[in-house]
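Engineer: Take the two lone chains and join them into the complex the hints point to.
For the record, the sequence lines run as chains U and W. If you're matching positions, the first sequence starts at 1 in our numbering and goes up one per residue. If you're matching positions, the second sequence starts at 1001 in our numbering and goes up one per residue.
Because the hints were derived from the structure by calculation, they are not lab data. Computed from a predicted structure; not experimentally measured. Cβ coordinates follow ideal geometry from the N, Cα and C atoms, glycine included. There's no promise every hint is true.
Calculated from the model, a selection of chain W residues having no Cβ within reach of chain U, i.e. all distances over 10 Å [to be verified]:
| hint | residue |
| --- | --- |
| 1 | 1201 |
| 2 | 1306 |
| 3 | 1326 |
| 4 | 1336 |
| 5 | 1388 |
| 6 | 1426 |
| 7 | 1462 |
Simulated coverage check for chain W against chain U, where a stretch passes if three residues somewhere in it have a Cβ under 8 Å from a Cβ of chain U [what the hints assert, rightly or not]:
| hint | segment |
| --- | --- |
| 8 | 1339-1349 |
| 9 | 1354-1363 |
| 10 | 1367-1377 |
| 11 | 1431-1440 |
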Amino acid sequence: MRISSREKQLSIGLAVFVGTVTFYMLLVKPSVARLETLERVVPEKLVALHELQSQCRQYVTLQERIGKLQEQIASGPGDFMLLSFLDGLAEELKLKNNVVMKGETHKLDATYTEATVTLELQHVTLKELMEFLSRLRSENSLVTISNLSISRGDTGGTDLLNSTVHVSHLRIGS
Amino acid sequence: MAKRCIGIDFDSSGLCAVQMARNGDRFRIEKVFSCPMRRESDSPVQLLQSLLGRQGFDKRGAVAVSTSHNDIFFRTIQTGVSTDKSTDKSTEPQKNTAVRNDFPIPAEQIITANCLPGSGLRSRKTTLEIAVSRKSLNRRIDTVRQAQMRCEHVDGPVFAVYAAVAVNHPEIACGTAIVVYTDHSHIIIAVTENNDILAVRNIPNSGEAETDNGPDSDEMASLLLRETELTWRAAFGEKIPENTNLVLAGQISQDAEVISALRQALACRATVMNLSANIDCSDVSEMSYKYVIAQGLALRVLAPKDTIGINLIKAAREKTDKNIDIKKHVVVSLVLVAALAGVWLTGLFVRKSRLEKDYENITQQGRLVFQKTVPSEQTIVNELAQLDSHLQTLRRDYEYLEPLVGTGVNPVAVLHAISVNTPRELKIRIENLLITGPMVQISAVCDDFETANRWRNILRKVPQFVSVEVVSEPAREPDSDSISFEISIRTER
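This is chain W alone, in the form it adopts within the complex (with noise of 0.2 Å):
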């Protein structure tokens, strides 16, 4: 399945979307379009928002934009050894604070990367630095985002160049170099060495504001002659030697006087650059110079191995999340959750078969005690029900019986016990007795008081009586010295 990718390069006068894809080694243009912004009624995100609509772009399509030209700076900086990719990142923190105070963007608004080289084998003492203020770059994403767009690229304007050119003129890639860009805006002048860009210049294009038509050809040609000199010395030191490569991008590729100056002024071999010349399109007239950075931005996203440059969204959530890898906690998290979820669901399953086992058991085991004990029950539905209704039928049973048995006091030994435990010198006259079951009632007469207190303590001594209770206490009868009272024992049964 072919990348796709939409590079947009807009400011406030204007905005330039090519639509690339990539198949293979193969890049494709499928879409171009161009319009400029009225100040008064345009916005970027309703201009966005019709590459969507009306022009039909890539709706799923990554988008890639720049930063303005005003909004990003540079800084060369003195490695003093040869470094490759890793050591070039450790000794980033001792050269930040110096950095910052570089730069004219305020140290909590600054973010600042390493422009590392295609090769990853920096072969100069030397490592270019950019920085762009979070404010202004959060600003230009919030912008895609607003259009419904997936802003996954932002860069420099001058590696969105660099990477039209590098896809297009592959042949600088070895050696020495010197890309000139230039827009209504701005000039962007670009030292290079084996895919590494040693030093950059972004100077504003006054001239667009002297006369309507820009500055005239002689003004630009001196103009670049100045600038490329002092950048080529700032990066090596000396003059520029003969036969380097110049390649002329932009608005410039259509200055004819300005190109022929550069030449004869420099002695370089100037190449002006060609949109086409190594990317499929299907109308070249439609390739302006003034899509040369919205092309390259799109290349940044295609192939960025082919390509250098720096994404400043990635580089921004770096800074943000430098000590907290919000993705790796996460994972983590999830991780823990879902060990804490498994041992937990573990033990719920290990307890419910433990306790299905132990419910399976005594069921078992109260089936098999009842079969046991009632043989011939068939039907098993509430074995404690069951056998209580059993055991109802074998109570009356033995209701019955239980007199054959013999195990209580039998009427002949309560009545011995009682004459026994009757002592004659007590005069006791028992006038009544009664022995139903267990129960004995006796009505008696005696001369005193004390007479029947004292007996019925004997009675009570009688280890075959379980209790002796007064039911009539003893009272003196009328016109009779006796005392007449009655008492109830209880025997074993």
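With the rest of the complex left out, here is chain U (with noise of 0.2 Å):
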């Protein structure tokens, strides 16, 4: 078949013209759709990992504190009574005759198990009041105070006081 110089230069160009083509939307199109995505998601994705190392970093410092109590927690004696040690103390402080306790035991969770007792001062001085809660402190770190209501009540002009205080107590297991 004869070819003239005309048609081998159309040839060529046509040939030229689809290759051109051909390269653009199988190579370059593709190329240039995926460069815009990595130009939006790289920033994005560098900003989540600096969100998940502080969240690490939190994780961390939460298990290692959460680590550390829960040893606080396991070193106390293991048949320790919130009642019978509140009872104690008010003996010994020649209070028992002015208190009034009630006490609960409720699950948190599938760890720990809080024990709490409710406790009725009436007609103590401040001073009293005082000594009965730092001792509580003091005896056993373990016990919380987690709720405290003073008031002067129907006491008869005197300054002696009512309280009511919240105690509890946190133990692994049930």
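Structural biologist: What follows is the structure in structure tokens.
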């Protein structure tokens, strides 16, 4: 088949055009789209990484603290009874006649159990109350005062106080 | 593969076409066609189209046509020195103005060119210049192109005649010779020397108008004799020597009386041109004298080195694009565009590759950090969401244990701080006190507003207290001298 030079030039031009379009469609266009996506995603991903690193630090810190506290709880006496402890303390401070106690135990989750006692101290002086609360804190560090209410109430014009104290004790297991 | 060309000699009176092929050094006539043109009904374009249609000429073959006899002008210039091709071109600008003034063509329309010798070296000190009008040239080319033909070559009729003579009678390329060609409308006389045309006469054949059969032989012989001598004298300035080669082509080659008269008068070696002397032709009887120019045109394309002449298409283009080489500019522009595209593409792929690497690094880093923090997690889908879930669980656990930490102010310390910061002289009487976590609510009474205000200001200065706010403003109780008020304290956790 004879092909004139003009036809040859046209064929070459067409081939170059088709090749260029194919190259653009198959390689350049997807690459440009991918580049745009990467330019958007990489900074977002970097921000997410910084957030992840920050949360990881928080996680590690919390885990360390929890570990220490759990060790502290585990190191306490295994047969500790909150009601007995409070009763003994009241007797020791000669406040047994002024105290009414009511205890409860509830499970927080699979790991922790909390024993709470509501103490009603009636007709006590401020000094006696302070003594009781101080001893409560110092005798056992695992016993915490979650609520304290003091009122003069109807004490006949004396300096005697009525007080309600919520005491709790946390332990691992049931 | 054989190279093919169609030579077409056409004017208002008729058309002659020859399709020739070149195979190595051999030329072959493949097709010939001629027909007269009826002025009323025929158009050159239709006749040309019929070549490709009914006559079966090759549509892809290059086409060579001649200018009309009336549209081409010749001039012999004395150059003064022997020149070769390069110097010949260099002298052109200096001569241009003079040449333009010498030809009967408007300056803006003129296309001029020098005819270079076939050997490349001019022994004579003259140059043959030709001139055509751009308008007539374009008209010629347009006619061919309208017939859907590929017009590659336009030449003067004298060069076509000389090409046909030179190929069929190569002996005239050596030494001096005279070529005489006649047809129904024109007489062409060319004086040649060593394959170079030195002088040309293009004379209208006025005899045609006088009688139906043209001028009689005596008149023609006398006319040719006179004009031939004049042409020779113009080239050499002397009489025609004896035994000079004389080639007779075209209509004259059929007139034995004229040939004989010229032989006797000039004492030359007269040769009657044979159109198939060096060219293969299946049917020699078809090759009539009228195909001289058509054959010569085809030979100008097929054997440019063996013939001489000027491709006027090229000459016109060179004139137009003398200072602007579009092809070169296009190539340079394309190379620049390609280079820019290359740089852009390289940048694109480098950036993409770098970002892909960054993305991969960040992903890997996040995975490592997560795995190090939560080694128990085997399946990783979204590190951030999974870690957040673990953190929630841990925070809840910490809430249970937080009271044990003892970092905040314990109730005993709060009581102590309040007691220490309540001066006896203020006579503040606390009626109710409630401590719940970091919040402390106090209801108290005192003797006057100033005392309540002072006490509140004292409490605000206690370091353990974050804020001291008034819940209910001090107010005097009915039927009493005392002021009652409530404040709220936030302690450090």
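Engineer: Within the assertion that chain U covers the segment 1431-1440 of chain W, do at least three residues meet a Cβ-to-Cβ distance smaller than 8 Å?
Structural biologist: n = 7 at 8 Å, threshold three: holds.
Engineer: Evaluate the condition: distance from the CB of residue 1426 of chain W to the nearest CB of chain U exceeds 10 Å.
Structural biologist: 16 Å, holds
Engineer: For the segment 1339-1349 of chain W, do at least 3 residues have a Cβ located nearer than 8 Å to some Cβ of chain U?
Structural biologist: n = 3 at 8 Å, threshold three: holds.
Engineer: Closer than 8 Å, Cβ to Cβ, for at least three residues: run that test on the segment 1367-1377 of chain W against chain U and report holds or violated.
Structural biologist: holds (count 5)
Engineer: Quick one: see if chain U covers the segment 1354-1363 of chain W, three-plus residues with Cβ-Cβ under 8 Å.
Structural biologist: holds (count 6)
Engineer: Does the claim that residue 1326 of chain W lies outside the interface with chain U hold up, using a Cβ gap greater than 10 Å?
Structural biologist: It holds; residue 1326 of chain W is separated from chain U by about 15 Å at its closest Cβ, greater than 10 Å.
Engineer: Using Cβ atoms and 10 Å as the threshold, tell me whether residue 1336 of chain W really stays out of contact range of chain U.
Structural biologist: 16 Å, holds
Engineer: Please settle this one: residue 1306 of chain W was flagged as non-interface, so is its CB more than 10 Å from every CB on chain U?
Structural biologist: Holds, since 22 Å exceeds 10 Å.
Engineer: Please confirm whether residue 1462 of chain W is truly not at the interface, meaning its C-beta sits more than 10 Å away from all C-beta atoms of chain U.
Structural biologist: Non-interface label stands for residue 1462 of chain W: nearest chain U Cβ at 18 Å, farther than 10 Å.
Engineer: Are all beta-carbon distances from residue 1201 of chain W to chain U longer than 10 Å?
Structural biologist: Holds, since 38 Å exceeds 10 Å.
Engineer: Minimum C-beta separation from residue 1388 of chain W to chain U exceeding 10 Å: can you confirm that?
Structural biologist: 7 Å, violated
Consistency with the previously given hints fails for number 5 only.
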